[in-house]
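Going line by line, the protein sequences match chains R and D. Note that full-length UniProt numbering has the first sequence beginning at 1, numbered continuously upward. Note that full-length UniProt numbering has the second sequence beginning at 1, numbered continuously upward.
Since the hints were made in silico from the structure, they are not lab data. Some clues are possibly wrong.
[To be verified] Some chain D residues close to chain R (C-beta under 10 Å, calculated; not the full set):
(1) Glu95
(2) Ile99
(3) Arg142
(4) Gly240
(5) Arg243
[Stated by the list, open to error] Taking lysine to aspartate or glutamate pairs in the DMTMM-like style, the calculated list, with each CA pair at most 25 Å apart, reads:
(6) R:Lys29 with D:Glu95
(7) D:Lys254 with R:Asp132
(8) D:Lys107 with R:Asp129
(9) D:Lys105 with R:Asp132
(10) D:Lys107 with D:Asp124
(11) D:Lys139 with R:Asp125
(12) D:Lys12 with R:Asp143
(13) D:Lys107 with R:Asp125
(14) D:Lys139 with R:Asp132
(15) D:Lys105 with R:Asp147
(16) R:Lys44 with D:Glu95
(17) D:Lys139 with R:Glu118
(18) D:Lys139 with R:Asp122
C-beta: ideal position from N, C-alpha, C; glycine also.
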Amino acid sequence: MNLIYVLLIIGVVLVFWVISTYNFFVSSKTRVGAAIQEIGNQLKRQAELIPNLESSAKGYLTHEKEIFNELTAARKAISSAVSSGNVNKMADAGKMLSDVLPKIQVVVESNPEIKGAEVVKDLMDQLRDTSDKVMYARRLMIDLTADYNVKLVTVPSSLVAGLFHFEKLKGFETPEDGAEMKVTGEEMKTPKVKL
Amino acid sequence: MKNIYEVQSANKIRTAVIVAGFVVFVFLAVYILTNAFGYYMGYQPGGLGYFGMAFIVSGISSFFSYYYSDKIVLGISGARRANPQEDRLFTQVAENLSIGAGIPKPKLYVIEDSAPNAFATGRDPEHAVICVTTGLLSKLDRTELEGVMAHEISHIRNYDIRLMSVVSVMVGLVALLGDWFLRVRFFGGGRNRDSDSGSLGAIMIIVGIIFAILSPIIAQLIQLAISRRREFTADAGSVGITRQPQGLISALEKIASDTEPLEAANKATAHLYIVNPFKKSSNKAVATFAGLFNTHPPIPERIKALKSMA
Chain R
1 MNLIYVLLII GVVLVFWVIS TYNFFVSSKT RVGAAIQEIG NQLKRQAELI PNLESSAKGY
61 LTHEKEIFNE LTAARKAISS AVSSGNVNKM ADAGKMLSDV LPKIQVVVES NPEIKGAEVV
121 KDLMDQLRDT SDKVMYARRL MIDLTADYNV KLVTVPSSLV AGLFHFEKLK GFETPEDGAE
181 MKVTGEEMKT PKVKL
Chain D
1 MKNIYEVQSA NKIRTAVIVA GFVVFVFLAV YILTNAFGYY MGYQPGGLGY FGMAFIVSGI
61 SSFFSYYYSD KIVLGISGAR RANPQEDRLF TQVAENLSIG AGIPKPKLYV IEDSAPNAFA
121 TGRDPEHAVI CVTTGLLSKL DRTELEGVMA HEISHIRNYD IRLMSVVSVM VGLVALLGDW
181 FLRVRFFGGG RNRDSDSGSL GAIMIIVGII FAILSPIIAQ LIQLAISRRR EFTADAGSVG
241 ITRQPQGLIS ALEKIASDTE PLEAANKATA HLYIVNPFKK SSNKAVATFA GLFNTHPPIP
301 ERIKALKSMA
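Please put together the full structure from these sequences, using the hints given.
Below you can see the structure in the form of structure tokens.
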């Protein structure tokens with residue numbers, strides 16, 4: 001009689017555990033989806049900031065046509081990536097923009113007249129902020145994916161995952177051709193800084 | 001060298017151990033006190049009993065302080081709402097970190113005080129409040145501010161305010177029971193003292209007195225130990241969000257080297273802040289003993305833990 005009760009309790013606990021683990025996987029998946037949308041959202045915000053930057057800084061940056069062309073290209077790439085909803089395209093487009101930003105920074109730093117302008121200062125600040133936002137949105141997605149994938153392969157939650165056929169989430173695709181594991185001779189040298 | 005994941009899970013386990021020990025201790029103390037009470041009075045009341053009464057009183061008071069914690073604390077410390085234009089860095093950092101942590105953006109408040117400090121409160125991430133002093137905003141750079149804010153956001157994300165409220169209900173419970181027991185010992189005469197069940201009753205009463213005196217202190221010490229453990233956890237969580245231990249390390253160093261006490265803080269709100277707002281000049285000999293009564297671990301120890309993650 002006692003044994004039946006013990007078994008019953010164990011059974012109930014087990015069922016609750018399976019349900020909560022199942023819910024973890026399902027809700028994690030949804031949250032990763034939301035995190036991807038958040039990345040798109042932040043990239044869009046960034047893209048919308050660029051026309052402002054262009055119009056207010058154009059007067060100062062007349063000689064830097066090339067930078068503006070790159071900015072426009074980055075903006076187009078971002079809008080098309082966001083509308084496609086593909087994480088990796090979003091990441092690439094975001095990278096295009098973050099490659100242009102240091103160039104603007106160099107121009108601003110080397111030109112005291114521009115550097116002093118309140119508008120430009122303000123915009124540089126906004127740009128740093130918006131790229132931070134994109135970075136944190138990506139961080140969230142990476143963290144959520146990692147949590148999910150860890151539970152997927154560790155015992156005992158892996159048993160539930162196997163039962164309901166949950167699959168590994170990809171996250172960001174990074175090139176894994178082995179090049180990132182190698183150190184070139186160039187990288188071994190201590191960088192020299194000339195002042 | 002430990003990575004942040006190991007630190008975080010180690011912190012979780014240690015908190016669980018302390019909390020479990022705390023719950024066991026509270027149950028033991030409550031059991032002994034209610035029994036001794038019963039022996040002393042010569043009868044056990046029906047219904048809720050002494051335990052129930054103490055639980056209700058302690059529960060109600062703590063529930064109010066928990067449910068309205070944000071309003072109470074903000075009222076006491078005289079904080080004003082942050083202005084997105086004026087406190088732009090603060091607002092931006094808060095927005096960015098809440099994106100990274102995956103929580104809604106907390107309400108932001110500023111205390112006009114030149115001593116650098118910060119705290120978080122509110123019962124859950126939807127009602128969270130982060131409050132910083134103007135001193136903190138002016139003395140820290142962006143990376144350091146991110147470290148401090150991420151520490152506060154970890155408190156919110158870990159439901160530390162909820163945990164500490166539950167703990168304080170239990171501390172209040174033990175304290176009340178102990179207090180009541182001692183009161184009736186002095187003022188109320190036990191009715192059936194002669195018809196007591198002999199030596200067992202006498203022993204129970206003596207043990208009860210000892211528990212009535214000691215257990216509120218012990219319960220409070222465990223509460224403080226939990227609080228210190230949560231600080232370490234929030235530090236690790238901060239690194240988990242920013243991945244820049246150096247930011248929080250140099251922020252803590254800056255805050256620690258600042259000798260100005262925070263005027264807006266008082267004893268009731270001290271445990272909320274990122275570092276102890278009173279900054280007692282520490283005498284090494286009594287430091288270890290005094291450490292038991294601290295809500296926060298010493299800053300050098302926190303920095304050491306952070307450096308091991310760097």
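- request: Assess, step by step, whether the Cα of Lys107 (chain D) is no farther than 25 Å from the Cα of Asp129 (chain R), and give holds or violated.
  value: Within the cut-off at roughly 19 Å; holds.
query: Given the hinted pair Lys139 (chain D) and Asp125 (chain R), is their alpha-carbon gap at most 25 Å?
result: 18 Å, holds
query: Keeping to a limit of 25 Å between CA atoms, is the pair of Lys139 (chain D) and Asp122 (chain R) held or broken?
result: 21 Å, holds
Hint status (Cβ of Arg243 (chain D) to nearest Cβ of chain R, threshold 10 Å): Since the shortest Cβ distance to chain R is 8 Å, the answer is holds.
task: Starting from Lys254 (chain D), check that the Cα of Asp132 (chain R) is at most 25 Å away, please.
output: Holds, at roughly 24 Å.
- request: With a cut-off of 10 Å on the beta carbons, see whether Gly240 (chain D) makes it to chain R.
  value: 8 Å, holds
query: Between Lys105 (chain D) and Asp147 (chain R), is the straight-line Cα distance small enough, at 25 Å or below?
result: Judged against 25 Å, a Cα distance of about 22 Å means the pair holds.
- prompt: Taking 25 Å as the top limit, are the C-alpha atoms of Lys139 (chain D) and Glu118 (chain R) close enough?
  reply: Within the cut-off at roughly 22 Å; holds.
query: Can Arg142 (chain D) be said to touch chain R, with a Cβ gap under 10 Å?
result: 8 Å, holds
- prompt: Are the Cα atoms of Lys44 (chain R) and Glu95 (chain D) separated by 25 Å or less?
  reply: 16 Å, holds
query: Taking 25 Å as the top limit, are the C-alpha atoms of Lys105 (chain D) and Asp132 (chain R) close enough?
result: Holds - the C-alpha atoms of Asp132 (chain R) and Lys105 (chain D) are around 15 Å apart, at most 25 Å.
message: Hint validation: Ile99 (chain D) versus chain R, beta carbon distance must be below 10 Å. Holds or violated?
response: 4 Å, holds
The structure fails none of the hints (numbered hints given earlier).
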